[in-house]
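What follows is the residue order along each chain.
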Amino acid sequence: MLTFIIRRLLIVFPMLIIISFLVYLGLELTPGDAVSHMINPEIANQISPEQLLALRENLGLNKPFIERYFIWLSHVLRGDFGHSLSGGVAISEIVFDRLPATLELSFVAIVFSTIFGCVLGIFGALNKGTWTDSTLSVTGMLGISIPEFFFGLVAILLFALHLHWLPVGGRLLPGYDSFFDRIPHLVLPGLVMSLMMTAGVMRYSRSAMLDSLSREFIRTARAKGLSEWRINFIHGFRVALTPVVVLIGFRLPIMIGGSVIIEQVFQWPGIGNEFVFAVRGQDYPLVMMIALLSVFAVLISSLVIDVLTALIDPRIRLN
Amino acid sequence: EKVNQLSDVRVRQAIAYAIDMETIADTLLEGKAIAADSMIPNGAWKAPGLDNYGYNPDKARALLKDAGWDDTQTLDVVYYYGDQLTADLMVALQAYLGDVGIKITYRKLEGDVGGQLGKLATAGSETSAIEWDMAYGAKAALALQEYYNGYQSGKNSYSPGSAQVDKLISRINGTVNVKEQKQAFVDFEKYENKNLTDIPLYYQQLFVYESDRINRHGGSYGNEQFNYDWGLLDWTVEADKDGKRVAYTNTAPSQFFEHPWLNPGITIQQKITFDRLLTADGSLVPTKGQLAKSFKVSKDGMSVSFELKKDLKWHDGFDLTGSDVKGSVELAMKVPGINAVFAKTFESIEGAQDYTSGGVKGVSGIVVDGRKVTFNFATLDPNMLLTFSQFPPLPMHLLGSVNPLEFQQQSYWQNPVGSGPYKIEEVQMNDFVRYTPFADYHGGIAKIGEIVSFPSGENDANVLKNAAAGRLDFGFTKSVGDVKALEAMENMKVVPADIPYTRSLRMNSYPKKP
Amino acid sequence: MNNHTDNSNQLLGVEAKPNQALPADPNEKILALRDLKLFFPVKTGVFKKTTGHVKAVDGIDLDIYKGEVLGLVGESGCGKTTLGKAILQLIKPTSGAVYYQGSITNQLPIDLCKLSRDEMIPFRKNLQIVFQDPHSSLNPAFTIFGSLEDPLKAHGFSKKAERRRVIGDLLVSVNLHREDMDRYPHEFSGGQRQRIGIARALLVNPELVVCDEAVSALDVSIQAQVLELLLKLRAERNLTYVFITHDLSVTEYICDRIAVMYLGKIVELANADDLYSHTLHPYTEALLSAIPIADLDRRSHRIILEGDVPSPLNPPSGCPFHPRCHKRIERCKTEVPTLKAVRSDKGMHMVSCLLSE
Amino acid sequence: MINRTESALNRKFDLLLAMEEAGKLKPRKGNRAMRKMFNNKLALVGLVVFLIITLSSVFAPFLVDHDPQKIDLRGMLQEPSSEHLFGTDKTGRDVFSRVLYGGRVSILVGLGSALIAAFIGVGIGSYAGYKGGWVDLLALRMSEILMAFPQIILVLLLVSIVGQSLLNLIFIFVLTGWGPMYRLTRAQFLSLREEEYVQALRSFGLSTSVICYKHILPNALGPIAVNITLTTAMFILAEAGLSFLGLGVPLNIPTWGNILNVAQDLRVLQNYWWLWLPVGMVISLFVMSINFIGDGLRDSADPTQQG
Amino acid sequence: MVDDIALSVRDLKTYLYTNNRCNKAINGVSFNVLKGKTLCIVGESGCGKSITALSIMQLLPDLSRIEDGGITYFSEKGPMRLDQLPRKGVEIRKIRGAEIAMIFQDPMTALNPVFTVGYQIAESLRQHSVLNDKEIKLKVIDLLHTMGIPMPEVRMNEFPHQFSGGMRQRVMIAIAMSCNPKVLIADEPTTALDVTTQAQIFTLMDKLKQEHKTAIMLITHDMGVVAELADNVAVMYMGNIVEAGTVEDVLRRPKHPYTRALLASIPILGRGRQQNIKAIRGSTPDSYDRPKGCSFAPRCDYATQACDEMPDEIYISATHSVRCSQLEAIS
Ligand SMILES: Nc1ncnc2c1ncn2[C@@H]1O[C@H](COP(=O)(O)OP(=O)(O)OP(=O)(O)O)[C@@H](O)[C@H]1O
Ligand SMILES: Nc1ncnc2c1ncn2[C@@H]1O[C@H](COP(=O)(O)OP(=O)(O)OP(=O)(O)O)[C@@H](O)[C@H]1O
Ligand SMILES: [Mg+2]
Ligand SMILES: [Mg+2]
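Chains as they are written, first to last, in the numbering used here: chain A, 1 to 319; chain B, 320 to 833; chain C, 834 to 1190; chain D, 1191 to 1497; chain E, 1498 to 1828.
Since the hints were made in silico from the structure, they are not lab data. All C-beta atoms in this analysis are idealised placements derived from N, C-alpha and C, irrespective of residue type, glycine included. Mixed in with the good hints, there may be bad ones.
What the hints assert, rightly or not - From the structure, some residues in chain D lie toward chain B, with a derived Cβ separation under 10 angstroms:
no. : residue
1   : 1279
2   : 1442
3   : 1455
4   : 1461
Please take these sequences and the hints and turn them into a complete structure.
Here is the structure:
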């Protein structure tokens, strides 16, 4: 188990280095640079070329690529993520500023979707072929087929603009900074994101459950005279849990990236929002750091999944 | 080597005739725009009798035929606004031009927009340095001269310029005599109207909106993009159900506060936390002192002196002195990318050249004497008062020793210390900023107990969302779509303001690179 | 006879071994395996280092004579399949040699293990295999013709009509219909599929066919059909079979010689009758006794072995069978027995057991 | 509840039994998977919807008179009528014809990228899965790297790198889509190569490419087809999402995402439902129909599911 | 005689409904399982052996139904009609595992991979006995010990995949025997195992039968197993029992053409290469397309017109019954 974790970690690090290099390389190829974005296009042509040059020089944009990469990497390794080009703000500051918002939203979505998705999925599997199951299946399908921003916009139209039940977006209001104060703001994006994710978890846990229920050990359990409840939950669900945990694990990285689109729709000031902002503004260091962090999140969460599934599933644990 | 057909004035005229700007203004722009006949906005300085190139597709076709238009080519049209309206406008342009036989495709510029738009042809090169054929853009100017200064030869790749143009332009810059100036403008406008150096499309309006909770107590409306005397000190707001008098607005920062030396009044923070030496009226004509108790311009316009008010304080309690003013101007001279009007004014100051080239320590033309600050100019700048009505001095005890190239990168811009009627109380980047009245403000204590701004801006769906949710009490927009929606809201009032903001089509009239 | 052996061994280019099974006529030898080993690496640890080997085939010397049916029996996992595949070079052996001395080599033995993939192709024609599972041995996506035509193409049948004829003839010879070639595998029963599998093996007229559990998955009634067919084909085409199975009743019925494998090694090798009547190795003895016999008059005395087949990853020291052996002596724990010839009435009988020395 | 379903089941049994006795139930010829697919009502509905939308997009020029690019500023924002089925947009273009023409591009982007991604992924995956070696190692590492990014982050990153255009978008989708396809095919081949018919082909010394692409590939196509449908659905949603962020297909090309993009404007959302609701529903319906087909394909390929 | 019957199946018909077809998997099967005796059911793959067993346990697949006939279990409290109990009801659950236990063919998949072996054995005890946890643990250890698993205290805490096939099958038997059932149904318990392991398992089952007087119903397709273990034999073909009787009856004096052909088609160890085995011609018919009358008729050398009708069971002796209309012609 320990060697397993160590091995995974040994894969993670070179991977991060390679990815950081690729990301850096890729962004180099984008048109324009930080300077051109610091300056409003309407007056850009009024700035003298010398000034631009000086500016570029100063931001280190004129050094050779490899050199810039290694400078940057050594900084990152020292915990200094560099500065956002557009405002010179420390990226770590931006990230830690935005992270709570994203964590808040995705935590709600993950918890909600996991609970409801599993419950509904198991319910569907246990009632396979019935009217309820079909309804759930079609609803689940709808959930994964509607574009999430479309769903979000309609939700805003309905609950915020027509019914005035909930705020249209944003996260913090002055003077309301405890979590409970924020709940009204959280409800709509949280709900939209949760529902979209619930659909996926539901479909997945339903099929995992069906799969597990069709296995032979279920018949053995029946032959022991166990109650249906024990058969379904102790034997069936316990085995179906592994793939469900894997699925949920795959969702963990949204803890970093957030749902980019949902955050945009609800002007939720999270990392996803920041990422789009940075991509639009060609803020390389920021784009790069967020992308890298999300890769980091993916790699770590895949590690977590592996460990978790190993804990759940002795077949994996003992091999 | 082929000549660029867009350099043929007949083609440009044909394009102007082909576009039914009146209809576009009525429909797409929902009557919130005025078809333009010149870059300069309507008003006293407008030349009479300009041809407005009204919609006439037949004439356009005839002109094209005359010019031998090659209708197999497809023109590449670029723009840089991300809003839906621009996209819709492109659709309309494509249809109208297509109708007379000019095929276009359009695309939004990404990346280095400024560079792509205005790149200069290398000296001596006959070919254009830009790739597009036409660019849809806007010219906004603080001073009328700015509309035309860009057409001087050697400024960019899309207006070839000529000795004649240069002469006309130097005339509009060369005098403070209003009559002479006006005549120079009229002459240039006529030249422009005939030659279509740019194809002016429409004048954009700006709209100030406010909720019914706000009472301006007679404060005027004006060009909100800049700073003018809007009487904020006297404004009141209805108390909310908790009895708090809070007004909501937008343009809160997402990462940092934008410094006020580029777009001096574009965000609420720049407006309310900084004071200028002078203040202006709604159409940006400098009127009276703000930080200055009084000011005096010499007869020849080559010198101006300001007498600062007594006991001026920064928000952090430090004194605001004449050396803050001098230091700010000196710093601004070295900061890249400041407002063009400011830059022009500061360049004209005596000793500016020596200072920026690094030879001397200070600018000899700026003299501080107690509370009196005098600027002596080497060349005449007709807009220098305008500059001082928009340019805010910044606290030199905080910014005095910064590297001007990293001006915007200073941590100061996370929570700037200003001199205006409101100071920043709390910043939650990307969430909100809270402003409260500055107790030591020289003009008295502002009446609105608290101003809260959220991070949304023009063309931003969130403006409407916030307004609908009762979280937007005042602000401004240039987006026609926003206006219509705000007008439809019962609690909101919209006041249009004419602003110097002209949308036009630029032509790449140089031959393109083979 | 000894002379012959020596000659053949010189011919084969290996050192003569005194305990070699002696062929009746060396010219009829078709394959000779010499110290054949096939290890699967086992990777563990942080760096996936190879920490050990599954010794699936662990040093096998074996001659296969033309026209014989050589049975290969043993418990699951003892390396039968692996040996079969190693013979055909479907898995490259770790070491050792497989000398081929069939028709195309002008009687000159050639070590198949040394050939490259391309050099191997002409030999493949002569060595074929029939698999165990009738469900996975045919490609469900193709008709029988579709499945069988590519091998023919690869071996020089360029005309489609010709290929159809060959395949048709072959199907007839395995008691199917010519028309069956245009049907899909799922339209056939298990027995039919197995016959198609045999037809495929015979497609390019091989000399030797390895039958890997060719009848194990079939029902008893169908098993008999396939056995009959195999015997018929051998007679018609002068085939040599290596018949891998774990069913000793079938082996007894069909094989001329039988090799009993345990943990990658041959523990006993003898003519069929000899093996059953004069069982020498305790393992063979236990194996035979464990088989339920469908004859009410012949209830055998069962020898119940302890435990299961040990893992070939770390086989026991000494005689690999000693932990389960009912006759083990102290020596068995340390001394490794070798396969030695024990002369008996009915030809060569070889056994690897300390007790029979 | 239980009794009701039981009796319903019993009734069905009685019916089947009666028909069996009467000899009406014939052994059925044809592909069992196909049959199951056609017995699956949702998949069938999905297929019909998919075909209707796809065909009407493909044959849009024959179905609608309105030029999707033809503006009519004086006739802007008309409500749906018999003349304009989905009304007109802000420049007076016919929304219905725009939806149909937009479908062409959206389906091209979705299906096209999925197919190209599948072509590449399957091409490499088959060989790598069958043969292993450095090709496999390289492709595996590459797909690992690509798959270490959350999908949307990677797409946005690539958009920022290569810029916005139709071809670039397809390129990006292909780049992000081949990895999973490769993984799937590789896994399939890893298990299929152990099948005995493959061993048999190898025993004839057939070349790797013949064994791999001709003989094994057809057997791996089931899961691949399912994955193609799901990937198509994903790409169509991704295109819409990117266009929503303004980072998708350039606005001058009508796509479903670009048409729906106007719904960002609250005024449109509140007042001009026909500008977003029909196209939103078309996207959802189309994606749903593909998902149903995918589900149907999966179920029909799954031998453990009775049909 | 009747007192000895543990389980009686009369004219059982079980149909499976799949692929929109009806598979008459079992079409009128009758037999008795006697206390302390082993009944072997032999037959080719797909002839309905497993379905018979599952019908008794009420463990049939969802899309299936017992159409007709009866299954009577003679419990201590009197006869019970198992076929009439609801599949998921409490009554049948009290019988499953406690009174009638079953061992399945594939020990690799029949155990839940995520629970320890000990837990899975204890589960059955917990369900059907009043023992406390400690007693259960001791009993589990005892059971594993009886099954010949070394170090049961340690191995009970291991997971199924740490066990070899033979050991897993022993665990399955331990589960089945945990509550001392009156009837043990073993569905091909050794097909997945090696002969040496098979011998171990059968020895074990034999011992249990002796000790507990358990009635065993052993399903197999191996005539050798029948000869060695069975007291009574039922030969099944295509959903019918074509011949039944004691081992002596069936193996020494087979009457049904199928039984005869079957016995003639298998090589028997020790008879050498000279034995003459004869394959049965043709192949088993499609289960959806069963012959109208006697299902063996298409492959039978003695078939006549009369075989188009399903023949009745004919008792040749008190114990020996045959389903064939051509008995005279054969003998
Ligand atoms: N590809 C492989 N990689 C690693 N180990 C393998 C591989 N193939 C076989 N083995 C191991 O080699 C040993 C011999 O396997 P082999 O399949 O030859 O046995 P067998 O005698 O044919 O058994 P069976 O009767 O079950 O078919 C076993 O322990 C098996 O686990
Ligand atoms: N779960 C199931 N669903 C549908 N049909 C089934 C199922 N199980 C068995 N059958 C069918 O029922 C018939 C009898 O099958 P059964 O499993 O009883 O055969 P068997 O004698 O046990 O064969 P084997 O020796 O292969 O185990 C066959 O036609 C089979 O196809
Ligand atoms: Mg094998
Ligand atoms: Mg069975």
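**Prompt:** Holds or violated: is there a CB of chain B closer than 10 angstroms to the CB of residue 1455 of chain D?
**Reply:** Holds - the Cβ of residue 1455 of chain D comes within 10 angstroms of chain B, reaching about 6 angstroms at its closest.
**Asked** Does residue 1461 of chain D pass the interface hint, meaning its C-beta sits closer than 10 angstroms to a C-beta of chain B?
**Response** It holds, given that the least Cβ distance between residue 1461 of chain D and chain B is near 8 angstroms, below 10 angstroms.
**Request:** With chain B as the partner, please determine if residue 1442 of chain D meets the hint condition of a C-beta pair closer than 10 angstroms.
**Result:** holds, 5 angstroms
**Cut-off 10 angstroms, beta-carbon criterion: hint that residue 1279 of chain D touches chain B** = At about 8 angstroms, which falls below the 10 angstroms cut-off, the nearest Cβ of chain B leaves the hint on residue 1279 of chain D intact, so it holds.
The structure is consistent with each of the numbered hints, conforming to all of them.
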